[in-house]
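Asker: Sequence:
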Amino acid sequence: MADIPEHLALPNRAELPSEVAILRERYPRPEWREHANYGELSAFWLHVHDSLRQQGRALQEFTHGFREDDCSNPGEFQRRFMPSLGQYLQHLEGHHHIEDSHYFPRFRSLDRRVAFGFDLLEDDHDIIHRGVTTVVASARAFMQALSRNADAARYAADAYVDESDRLLRLLKQHLSDEEDLVIPAMLEHSERPLR
1 MADIPEHLAL PNRAELPSEV AILRERYPRP EWREHANYGE LSAFWLHVHD
51 SLRQQGRALQ EFTHGFREDD CSNPGEFQRR FMPSLGQYLQ HLEGHHHIED
101 SHYFPRFRSL DRRVAFGFDL LEDDHDIIHR GVTTVVASAR AFMQALSRNA
151 DAARYAADAY VDESDRLLRL LKQHLSDEED LVIPAMLEHS ERPLR
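Residue numbers for the sequence shown follow UniProt numbering, so the first one is 1 and each next one is one higher.
Simulated from the structure, these hints should not be mistaken for lab results. All values derive from a computational prediction rather than experimental measurement. Ideal Cβ positions, reconstructed from N, Cα and C, are used throughout, including at glycine. Misleading hints may appear alongside valid ones.
[Unchecked claim] What follows is a set of in silico ranges between Cβ atoms, one per label pair, in the way DEER data are often shown: (1) Arg154 - Arg108: 32 to 40 Å; (2) Asn12 - His64: 20 to 28 Å; (3) Ser101 - Gln144: 33 to 41 Å; (4) Pro30 - Arg108: 24 to 32 Å; (5) Asn73 - Pro30: 16 to 24 Å.
Using the sequences and the accompanying hints, generate a full structural model.
Answerer: In structure tokens, the structure reads:
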């Protein structure tokens, strides 16, 4: 994997520069679905990303709502929160594992012009994984604090929300950038070489 310049690291970028997303201009997002090479894999990729966004938003709204409700009903919150968080993070990590082990190497070999972009996405995955680890630790501390007292619960809820919101911001940027690389590459070369 290539060394990633600091300004291109996930926490520091607002979008991929055109020299990284070299096919983005040729295949603008609003035209993707009408392209002849847009197929099941492209649609599935976008569906998975949309589901990750929706799951993340739902968890965020649920947690913010609990915190704004003065952390009342902690038992019900715990019963729903931990399974939902676990499912979400497993979905995210599983998706990244498949990309890193199967798809990204194929994209790199298919078109050397996009290789650096996929190195960048793998670096994003490492950053996101570290964020996941931090969120899990914060969620555990949050759950433990719920059994202590209201002040401890509010403090732990605030700490968890800060970490979770940070991770979701990174993930939002990453998913958008990944789509700007992946879908145009599939439109350029078709989906067949990636299977």
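Asker: Hint compliance check: list the failing hint numbers for this structure, sorted ascending.
Answerer: When the structure is compared with the hints, numbers 1, 5 turn out to be violated.
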